[in-house]
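Asks: Chain by chain, the residues run as shown.
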Amino acid sequence: ETGVTQTPRHLVMGMTNKKSLKCEQHLGHNAMYWYKQSAKKPLELMFVYSLEERVENNSVPSRFSPECPNSSHLFLHLHTLQPEDSALYLCASSQAGGRYEQYFGPGTRLTVT
Amino acid sequence: DQQVKQNSPSLSVQEGRISILNCDYTNSMFDYFLWYKKYPAEGPTFLISISSIKDKNEDGRFTVFLNKSAKHLSLHIVPSQPGDSAVYFCAASAGTGANNLFFGTGTRLTVIP
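Residue numbers (the numbering used here), protein chains in the order written: chain Y, 1 to 113; chain W, 1001 to 1113.
Just so you know, nobody snuck in bad clues.
Below, in silico cross-link-like pairs of lysine-lysine (DSS-like), each with a Cα-Cα straight-line distance of 30 Å or less:
{"id": "1", "chain 1": "W", "residue 1": "1005", "chain 2": "Y", "residue 2": "41"}
{"id": "2", "chain 1": "Y", "residue 1": "41", "chain 2": "W", "residue 2": "1038"}
{"id": "3", "chain 1": "Y", "residue 1": "40", "chain 2": "W", "residue 2": "1068"}
{"id": "4", "chain 1": "Y", "residue 1": "40", "chain 2": "W", "residue 2": "1005"}
Calculated directly from the structure, the hints in this document are not laboratory data.
Whenever a hint applies, use it, and build me the whole structure from the sequences.
Replies: Spelled out as structure tokens, the structure:
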């Protein structure tokens, strides 16, 4: 595998389900990110991990819970989501420290029913 | 409030001609700017960047221009090719910490053969 991978690519879940999104980067980066992309809205930064520590949490509801066990892996745990949480969830990675481009995975298309 | 704006949701250009995509920003602390390209069912792909100490950066057919006084940047693609048809996102960063990016809503470019 190369670059940034995300699984699953598509996910349909009910509001009472618990699921997790997985991201893995093979680029030797030390910062990882979760973004949300809703229709007709810009990418919204959700969480940032730098050197395995969470450094950003942009007022994201607690039903989204990130986990970064090491610099190559990032998870987004989901529970009791709402239909408005349906979106494309993108993972990205970069070198930490600013002024480095981020490399994105293909995203997980999430539908909450 | 959106700090990075792409006011043209779409643009159509004939093959071989120049494509010009525009982006405006409001935060004067932004000092690093990037353009990403996104195909359907894929994550955004980094194209080109520019630091605020420059007013132009060129990479092959792609050139980014930065006008700091107007808080405006543009991406020029010349000559445009059908494979350039995609959604283009402008992004900006204040270059602090782990490089948090603020994205525009994107411009869909269609290059007509």
